[in-house]
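> Chain order of the listed sequences is D and F. Position one of the first sequence corresponds to residue 4 (the numbering used here), numbered consecutively onward. Position one of the second sequence corresponds to residue 4 (the numbering used here), numbered consecutively onward.
If you're looking for bench data, these hints aren't it; they were derived computationally from the structure. Be aware that one or more of the hints could be misleading.
A pair holds if it fits inside one copy or across any two, identical chains being indistinguishable in the list.
[Said to hold, decoys possible] Below, a list of computed lysine-lysine pairs in the DSBU-like style, where the Cα atoms sit at most 30 Å apart:
(1) Lys146 / Lys184
(2) Lys80 / Lys184
(3) Lys188 / Lys146
(4) Lys184 / Lys110
(5) Lys40 / Lys110
(6) Lys40 / Lys175
(7) Lys188 / Lys26
(8) Lys123 / Lys80
(9) Lys40 / Lys132
(10) Lys160 / Lys40
(11) Lys31 / Lys188
(12) Lys188 / Lys75
(13) Lys160 / Lys26
(14) Lys40 / Lys123
(15) Lys146 / Lys132
(16) Lys75 / Lys184
Number of protein chains: 2
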Amino acid sequence: MSKSANISMPVIRRLPGYYRTLKVLEEKGIDRISSGKLSELMNSNASQIRQDLNCFGGFGQQGYGYIVSDLKEEIEKIIGIDRTKNAVICGFGNLGKALYHHFDANKYGFELVGLFDSDKQKQGQVVGKLTIQSEKNIVEFCKANNVETAIICVPTKFAECVVDLLYESGVKSYWNFSHFKVSTKYSDVVEENVHLSESLLTLSYLIDN
Amino acid sequence: MSKSANISMPVIRRLPGYYRTLKVLEEKGIDRISSGKLSELMNSNASQIRQDLNCFGGFGQQGYGYIVSDLKEEIEKIIGIDRTKNAVICGFGNLGKALYHHFDANKYGFELVGLFDSDKQKQGQVVGKLTIQSEKNIVEFCKANNVETAIICVPTKFAECVVDLLYESGVKSYWNFSHFKVSTKYSDVVEENVHLSESLLTLSYLIDN
Numbered sequence: 004m005s006k007s008a009n010i011s012m013p014v015i016r017r018l019p020g021y022y023r024t025l026k027v028l029e030e031k032g033i034d035r036i037s038s039g040k041l042s043e044l045m046n047s048n049a050s051q052i053r054q055d056l057n058c059f060g061g062f063g064q065q066g067y068g069y070i071v072s073d074l075k076e077e078i079e080k081i082i083g084i085d086r087t088k089n090a091v092i093c094g095f096g097n098l099g100k101a102l103y104h105h106f107d108a109n110k111y112g113f114e115l116v117g118l119f120d121s122d123k124q125k126q127g128q129v130v131g132k133l134t135i136q137s138e139k140n141i142v143e144f145c146k147a148n149n150v151e152t153a154i155i156c157v158p159t160k161f162a163e164c165v166v167d168l169l170y171e172s173g174v175k176s177y178w179n180f181s182h183f184k185v186s187t188k189y190s191d192v193v194e195e196n197v198h199l200s201e202s203l204l205t206l207s208y209l210i211d212n
Numbered sequence: 004m005s006k007s008a009n010i011s012m013p014v015i016r017r018l019p020g021y022y023r024t025l026k027v028l029e030e031k032g033i034d035r036i037s038s039g040k041l042s043e044l045m046n047s048n049a050s051q052i053r054q055d056l057n058c059f060g061g062f063g064q065q066g067y068g069y070i071v072s073d074l075k076e077e078i079e080k081i082i083g084i085d086r087t088k089n090a091v092i093c094g095f096g097n098l099g100k101a102l103y104h105h106f107d108a109n110k111y112g113f114e115l116v117g118l119f120d121s122d123k124q125k126q127g128q129v130v131g132k133l134t135i136q137s138e139k140n141i142v143e144f145c146k147a148n149n150v151e152t153a154i155i156c157v158p159t160k161f162a163e164c165v166v167d168l169l170y171e172s173g174v175k176s177y178w179n180f181s182h183f184k185v186s187t188k189y190s191d192v193v194e195e196n197v198h199l200s201e202s203l204l205t206l207s208y209l210i211d212n
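Same shape as in the complex, but just chain D (with noise of 0.2 Å):
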């Protein structure tokens, strides 16, 4: 398979989607997909889904399909869940244990493997099979650890100074979902923005409208 080069944004935001449906179709034992049949799934259109997976090579072949697990795998290789990044979460509050518990950051190539938080009372406790630590470790544990990826669940104002931190342990990618824009102050990292409030905020202009 042959990746093109320039993918653009809106071709890998479809990505996980494609994930998505092939693992479910996978689970219903579902061998092979039309991109007709595919686009129905996905509320797409099939001839976006054949454009869009043309960029990483050509997988269908035309009047057979696609086959599910084939391109399922070959989707997991491009996105890149088949290699386990190390992860740790900034910010133990409210939204930095929902993630923590609700969300199996493991089906997704991600191993959490440290939580830090500023606030003495919760430094020390275990959580599921890690301790909290104090922000202060930061680097030290994200050095020994190669820990690539932070998941930013701190409050905004909190959000440079941690952020300067990993950046110092090597951390070249961000789960950002504090309103700190990352690549703004460091250039060469990636980061991926959520962004609850605006989206809440879009659905209320929606709602008006």
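Please build the complex by placing chain F on the supplied structure of chain D, with the hints as guidance.
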């Protein structure tokens, strides 16, 4: 202020960012701001900002800039934060809990008035000022309490059932954390999806590419 019809989704999605930035400026006691300065703060460019705000009627004055409090108030009205909408959380697992405790929906124009979970162990528990109810109460409760918005925190496989009840109750707007697409089944609703797994998978792709 006159709104242009057919505002594009990218513009709408930028409005919450304007709102947030203006709130910070107001809190800092800044009265007036140019589109240039605003663009720096928002990592945008001045001409886009002027264009965006023009969609909703002109606010600024050339060479003078925008009055922060006026602009904030106008955007508040446009987004609809000035009108409180009753909302319920369906699914009170970690995610539902995190949103309830962590997320100040009131700040964004939503009042949480009900919590629902199908787990009998949870039903009857008092959380803050609300009591967790059985999903069997959804229709009656939502009709009686003029609920406009539902926050869908149940697993995807249960989402359709819950949405059926909500829709029957007249709920027409959905903040949806599941992968069940509400608007595909009910075309007259507004829906804002948050797909955490897809966001993390996108990050995974970006790390290795």
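> Which numbered conditions among the earlier hints are violated in the structure presented, ordered from lowest to highest?
8, 9 and 14
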